[in-house]
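If you want the building blocks of each chain, they are given just below.
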Amino acid sequence: MGDERGFAGLVRLHQRRAYVVARSIVMTHEDAEDAVQEAFLRAHQALDRFDPGQTFGAWLNRIVANAALDLARRRKVRSAEELTESIPDTFRDPAESGELRRRLDVALAQLPDRALEVIVLHDVEGFTHAEIGEMLGIPGGTARSDLHHARQKLRVMLGNLRD
Amino acid sequence: MEDRTNLRFDDDEAGDARITGMLRDAYAPPAEGAYWEGLEARILAYVKSHDAVVRIPVNWWTDLASWAGPGLAAAALLFVAAGLMWSRQKDEDLRTTYEAVTEPLGSEALPGAVQVVIAPHDGSSQREATLRYVLSH
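Sequence order for the protein chains is A and B.
Note that this note's numbering numbers the first sequence so that position 88 is 189, with each residue one more than the last.
Note that this note's numbering numbers the second sequence so that position 126 is 131, with each residue one more than the last.
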């Protein structure tokens, strides 16, 4: 019973960040929810193996990233059309629902998966390169250069799309 | 009002800031508290349903413990039955031994070796046999 209440507290505290991590990796809001749900189950089952020397958040984020990557691998197909259609209207900023948002979706769909993951994790949630590297299983320097290239590509693509 | 569809992205810093802003809008998690309460409940229900399945092998001994009573009773019954059988067999053996000792000997009932021992001693035939053996060697 105490275990249940304690775990509920952890879920409450970390689910939002877990959602952002998952959402940066999977294509849709629904998949992000599924990945978060799966990640919390894995975390619950692996609680005995949690090393108190590290922060729970960092440990959980790695689990979330792995769950999301597993789900993304299963989904595989990633097209601009699907991306545009699959983002639920309820979570769109009405001001962005027009042309600019469509352009962003098209541009994001053309980014390599990892570049997209890195830029979303960095820009949306403010994770550091090292944290992103740890989550995605890549060196922090690679995360940094992925971020740089992703920004460059987006600038070019959004600039081109403007015309 | 600013025309947001006509932003410039070719200037590095300004472009990056705009891209960040757009990404935050696009990927921002839902803000409503009710949404998170719902997700929390969904996660906990999911964990609970799987946890029940996972716990089955972990708590196998609790199931086993519930069988301990009937198991002990069955073992006690078997023990009593085995004791009775052993006791009955022992009585039977004693009776057979007693009868064997007390019954009068009948030649037909005795084994061959015993018959040889109690047979009347025939010294001539034994001597003849010895002689035959000596002569033949």
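Everything labelled a hint here was simulated from the structure, so no lab data went into it.
Where a beta carbon is used, it is the ideal one built from N, C-alpha and C, also for glycine.
Among the hints, erroneous ones may be present.
Listed below are several chain A residues computed to face chain B (Cβ distance under 8 Å; list not exhaustive) [to be verified]:
| # | residue |
| --- | --- |
| 1 | Leu111 |
| 2 | Val112 |
| 3 | Arg113 |
| 4 | Leu114 |
| 5 | Gln116 |
| 6 | Arg117 |
| 7 | Tyr120 |
| 8 | Asp132 |
| 9 | Gln138 |
| 10 | Leu205 |
| 11 | Val207 |
| 12 | Val221 |
| 13 | Asp224 |
| 14 | Thr229 |
| 15 | Ile239 |
| 16 | Lys254 |
Per label pair, the in silico range of CB-to-CB distance [stated by the list, open to error]:
| # | chain 1 | residue 1 | chain 2 | residue 2 | range |
| --- | --- | --- | --- | --- | --- |
| 17 | B | Val85 | A | Asp171 | 56 to 64 Å |
| 18 | A | Ala159 | B | Leu77 | 50 to 58 Å |
| 19 | A | Gly238 | B | Gly74 | 48 to 56 Å |
| 20 | B | Lys53 | A | Phe157 | 38 to 46 Å |
| 21 | A | Ser246 | B | Ala36 | 28 to 36 Å |
Over the 10 Å line for every Cβ pair with chain A, so calculated as not near, a few chain B residues [stated by the list, open to error]:
| # | residue |
| --- | --- |
| 22 | Ala73 |
| 23 | Leu83 |
| 24 | Leu89 |
| 25 | Leu99 |
Comparing the hints with the structure gives:
1. Leu111: 10 Å, violated
2. Val112: 5 Å, holds
3. Arg113: 6 Å, holds
4. Leu114: With Cβ-Cβ at 10 Å, over 8 Å, it is violated.
5. Gln116: Hint holds; Gln116 (chain A) Cβ to chain B Cβ min 6 Å, cut 8 Å.
6. Arg117: 5 Å, holds
7. Tyr120: At about 5 Å, which falls below the 8 Å cut-off, the nearest Cβ of chain B leaves the hint on Tyr120 (chain A) intact, so it holds.
8. Asp132: At 13 Å from the nearest chain B Cβ, Asp132 (chain A) fails the 8 Å test, so the hint is violated.
9. Gln138: Status holds, d = 5 Å.
10. Leu205: 5 Å, holds
11. Val207: 12 Å, violated
12. Val221: Holds - the Cβ of Val221 (chain A) comes within 8 Å of chain B, reaching about 5 Å at its closest.
13. Asp224: This interface hint holds because 4 Å falls under the 8 Å limit.
14. Thr229: 15 Å, violated
15. Ile239: 20 Å, violated
16. Lys254: 10 Å, violated
17. B:Val85 <-> A:Asp171: 56 to 64 Å: Holds, at about 60 Å.
18. A:Ala159 <-> B:Leu77: 50 to 58 Å: Because 52 Å falls inside the window, the suggested range holds.
19. A:Gly238 <-> B:Gly74: 48 to 56 Å: With Cβ atoms ~53 Å apart, the hint holds.
20. B:Lys53 <-> A:Phe157: 38 to 46 Å: Distance hint for Lys53 (chain B), Phe157 (chain A) is violated at roughly 20 Å.
21. A:Ser246 <-> B:Ala36: 28 to 36 Å: 33 Å, holds
22. Ala73: 26 Å, holds
23. Leu83: Per Cβ check, Leu83 (chain B) is outside 10 Å of chain A; nearest 41 Å; holds.
24. Leu89: 51 Å, holds
25. Leu99: Label holds. Min Cβ-Cβ 64 Å, cutoff 10 Å.
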